[in-house]
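Protein chains in written order, with my numbering: chain R, 538 to 965; chain E, 85 to 381; chain B, 27 to 379.
Because the hints were derived from the structure by calculation, they are not lab data. Here the structure is a predicted model, which is why all the values come from computation and not from measurement.
Below, a list of computed lysine to any residue pairs in the SDA-like style, where the Cα atoms sit at most 25 Å apart:
1. B:K367 / B:G100
2. B:K349 / R:T705
3. R:K843 / E:T276
4. B:K338 / R:A649
5. R:K860 / E:N142
6. R:K605 / R:T621
To list a few chain E residues with every Cβ distance to chain R over 12 Å, as calculated:
7. L113
8. D128
9. K146
10. S192
Beta-carbon label-pair distances, calculated as ranges:
11. R:I552 / E:S115: 47 to 55 Å
12. R:K843 / E:S115: 44 to 52 Å
13. B:A236 / R:S593: 49 to 57 Å
Quick reminder that beta carbons are idealized off the backbone N, C-alpha and C, glycines included.
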Amino acid sequence: MNKPGQAANGGQRPIDIVKGGMVRRHRAERRFKIYGLSAIVLSLAFLSFLLISIVSQGYSAFQQTYIKLEINFDQNVLSGNLATANYQALVKKALYKLFPDVKGRGDKRHLAKLVSPGASFDLRKMVLADRHIIGTTREVWLPANDDVDMAVKGHYRRDVAESERRLTDKQLAWIDVLEHRQRLEKRFNVTFFTAGDSREPEQAGILGAAMGSFYTLIVTLVLSFPIGVAAAIYLEEFAPTNKWTDLIEVNINNLAAVPSIVFGLLGLAVFLNFFGLPRSAPLVGGLVLTLMTLPTIIIASRAALKSVPPSIREAALGIGSSKMQMVLNHVLPLAMPGMLTGTIIGMAQALGETAPLLMIGMVAFIVDIPAGFTDPATVLPVQIYLWADSPERAFVERTSAAIMVLLAFLIAMNLVAILLRKRFERRW
Amino acid sequence: METNNSGVEPEPTEDGAPEAAPALKNGRLVSREDRRTVGIPTVDNPRMRTEHVDVYYNYGEKHAIKDVTLDLARNEVLAMIGPSGCGKSTYLRCLNRMNDTIDGCQVSGKITLDGEDIYAPRVDVSPLRAQIGMVFQKPNPFPKSIWENVAYGPRIHGLATNRSEQDEVVETSLKRAGLWEEVKDHLQDPGTGLSGGQQQRLCIARTIAVSPEVILMDEPCSALDPISTAVIEDLINELKEHYSIAIVTHSMQQASRVSQRTAYFHLGDLIEVGPTEQVFTTPLHQLTEDYITGRFG
Amino acid sequence: MLKKVIVSVAILSLVLAAGMANAAGRDYISIVGSSTVYPFATVVAEQFGKSTKFKTPKIESTGSGGGLKLFCAGVGVEHPDITNASRRIKASECARCAKNGVTDVIEVKVGYDGIVLANSKKAKPFNLTRKDIYLALAKQVPDPAGGEKLIPNPYKTWKDVNPSLPAVKIEVLGPPPTSGTRDAFAELAMGGGAKKIKWIKALKKKNKKAFKKIAYTVREDGAYVEAGENDNLIVQKLVANPNALGVFGFSFLDQNTDKIQGSKVDGVSPTFENIAKGTYPVSRPLFFYVKKAHIESIPGMKEYLAEFTSEKAWGNDGYLSEKGMIPMPDKERGKFAEDVKTLSILSCGDLKK
Chain R
538 MNKPGQAANG GQRPIDIVKG GMVRRHRAER RFKIYGLSAI VLSLAFLSFL LISIVSQGYS
598 AFQQTYIKLE INFDQNVLSG NLATANYQAL VKKALYKLFP DVKGRGDKRH LAKLVSPGAS
658 FDLRKMVLAD RHIIGTTREV WLPANDDVDM AVKGHYRRDV AESERRLTDK QLAWIDVLEH
718 RQRLEKRFNV TFFTAGDSRE PEQAGILGAA MGSFYTLIVT LVLSFPIGVA AAIYLEEFAP
778 TNKWTDLIEV NINNLAAVPS IVFGLLGLAV FLNFFGLPRS APLVGGLVLT LMTLPTIIIA
838 SRAALKSVPP SIREAALGIG SSKMQMVLNH VLPLAMPGML TGTIIGMAQA LGETAPLLMI
898 GMVAFIVDIP AGFTDPATVL PVQIYLWADS PERAFVERTS AAIMVLLAFL IAMNLVAILL
958 RKRFERRW
Chain E
85 METNNSGVEP EPTEDGAPEA APALKNGRLV SREDRRTVGI PTVDNPRMRT EHVDVYYNYG
145 EKHAIKDVTL DLARNEVLAM IGPSGCGKST YLRCLNRMND TIDGCQVSGK ITLDGEDIYA
205 PRVDVSPLRA QIGMVFQKPN PFPKSIWENV AYGPRIHGLA TNRSEQDEVV ETSLKRAGLW
265 EEVKDHLQDP GTGLSGGQQQ RLCIARTIAV SPEVILMDEP CSALDPISTA VIEDLINELK
325 EHYSIAIVTH SMQQASRVSQ RTAYFHLGDL IEVGPTEQVF TTPLHQLTED YITGRFG
Chain B
27 MLKKVIVSVA ILSLVLAAGM ANAAGRDYIS IVGSSTVYPF ATVVAEQFGK STKFKTPKIE
87 STGSGGGLKL FCAGVGVEHP DITNASRRIK ASECARCAKN GVTDVIEVKV GYDGIVLANS
147 KKAKPFNLTR KDIYLALAKQ VPDPAGGEKL IPNPYKTWKD VNPSLPAVKI EVLGPPPTSG
207 TRDAFAELAM GGGAKKIKWI KALKKKNKKA FKKIAYTVRE DGAYVEAGEN DNLIVQKLVA
267 NPNALGVFGF SFLDQNTDKI QGSKVDGVSP TFENIAKGTY PVSRPLFFYV KKAHIESIPG
327 MKEYLAEFTS EKAWGNDGYL SEKGMIPMPD KERGKFAEDV KTLSILSCGD LKK
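Work the whole structure out from these sequences, hints included.
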């Protein structure tokens, strides 16, 4: 064994040559490990930077400042039509009672501004739910105005001149008094999770956009999964290999890389202008996103089908299954985890998409929470975009909070994917 | 052309020891150059008959099987041996039309099962493959339960439509495959969790569950240890009471242990067919002799 | 699996059918148009949706041009009812409307928007003239050596432009050309400045196209930075970079007075009062256009118009002014409120410029 080696290297044993090279080989290996590790550290650093900046900016949006007021549900004010009564007057009265020494029209106006204009809707809801409270006096926690909220959370500088602040000196003093009397409290912001969009930050919520995303993704899933899987099965298992299928394959791969706005334009031309479907509807959004996700799902599904070992196909064919039975009973269950993964990736992509929805009118201000597939709706990323573009300071933290909700959605979807995969894997 | 051997000696049989034994048979052995089949490939009343079959791969580029004629008798085990790439597996896969699934594979000639042409246009491959079962080189149970592995075939073919019929076919098949005692208490366990030898017997049970007439085995023991191999060989001996079996094997010992007749393939040609004992003790063809004495293969 | 496919196809066709049925009628108002009017229109829409029995209108921010294109596409539920605009409708757009059967259009002016140049509070406030703005930001400027000749913009610092200004590098963050704010800024601030130079002013009368090219083309050598449509982003960048100036709508200055300050233009500060009075030179009117044919067929149209034109919305102390919109003078408000009440129609002939 070492005879020829010795002969060729003038007395040096081959094992010495091998050992001599080991230093270099180990160094190369260490270097490679360091490259890999630093790549991971770098991406983790970016990720944590992103998460930290979002969370640190957004966590305060999950709290909202409330002011406790003794509201007298005055019979005189609440006579006649309860839906259109002047609830604002009830709020004002309670505030004036709290600060009896505030005189003058201007001061009174500034005082009234401490409470959100949405407070009157809260009171209306209370009255409509239970008419017996008319005539009584109740302690009610009402949302503060967004400027008050920002000041309490410390997002406003108090040390600049009065004319350069959104809140006057007096308003700041009143806030301090309220805080001192324990009538000012930061509470969990339920509105953020139960309301639709609003131009008043303290009344704005994510539910409308979340429902819009939900309906849109349902349409996308119901369409793209069966169509994508069927197309992949046909191409992979049944279609003959010839120029046409090659052409189709090239086109599908191409479509996966087409900018999403193009699908929006297509959706505008086909679904809105030709079929006359309603603008801003989750149905159309889902159709457009289906076009966008189909290539991803088809490619992933084909890869999953390809990875099923041929021995399984042979086994099925060998006992006389038809091709269809082979595919449906044996190949598909094995390919399903891969297909699901591809589908979830596609759906996650669709969840974060805004560009194609711009074309079909889903980038819109929509207050009412959509209740169906044809109600006007917007989606989470669009809501983030719209809030990021709003002048009010309080929308900054809500933007970050909305991003957190979107991330939570993505994490939930990925968890579902993992669970489904586990389930399918356990079966065999 | 039963001519010289000593005179030509085309083989580059290096250095000393130029096969001492064949000197006896000199003049009787067929030349290595002659690739026509020697021996008698046909039998009376065959189960399957193959006449002048040629197989091409890659749309005619590769000639994998050249003009093979060979019969498979009833209740016999026919062993097919030969060096790697000689076409024995390809030939075997022609018998239940598994080659249909390969793009660019063309089969010509005539193959019959009980006199019926299995390549006739109106023949449906699904029932054909139920009639001619196949066991593969690597055990390939479905990634499902043991019970489901066996019951699946009878169910799709409508042989066992309700649960009790299926239970019955599972039990008889597993018993016949000699696996019942080992698995009867955990039929719902995954088939892939069994040992290699058990898996292969499960595959045999799966094959016989659809009541075939012929079983094709493609090197069924090549992935198994000697003990499992011995179990499968015993099983093959029992199974031939009910079925005709064609087995491809790399092991000449296995061929001599389980088969009644042996066919030797060489580079797509069927070189020699004969009773197993004769082929292994007194081969008629120089190539057969070379192979069984271990000169190549 | 096959069953699932069949079921989902069935569901889909049902959904599609429902969609078709829905398209036949619409129970909410559909509004498109300018991103400048969007923050005001949305407030009105929300107020309207919460205080009436009607659904809240749906408002898309498509830009003035895009909105008018959608608006003028035809009459019917699939087309929007109202479009917002940060400029007046053009004669060509009016003609296109008429061609598509949108003949009866009501024009409503809602107020004014000021475009401000602002910088960080950490730096000194600027006191600019429109001519300074033009000279600092145009791609080509008149040769300082004299004569009616244009040279590529040579100015590096504000002091180069006007000796009374600080020696700070010219760095202006502003919206991209797709934005209506940018159009208005180019027209009002830069165009206004260019007109202060005699021979260029003379050119305007002779050759309008050449004037526009000279006056409205922004330099591309890095002094003007296109900072995207998001005005919040510009505000953040200004805070981080005290040397830079930013161009955006008044409402963003209004919301961030603790961080940034507006520059005086022609000696006038961009305050609410000055813009309302009309003394601040860089301000523009805001409009919306209503399809008369839809007033009867879409529920809530009349009420929405009434809400928008009520004193509590667009009045001097209305909630729109709180959001940064500059109200019109009383007389002008009265005129447009009357127009809305009588549904008086805009005639394309009046649009000749």
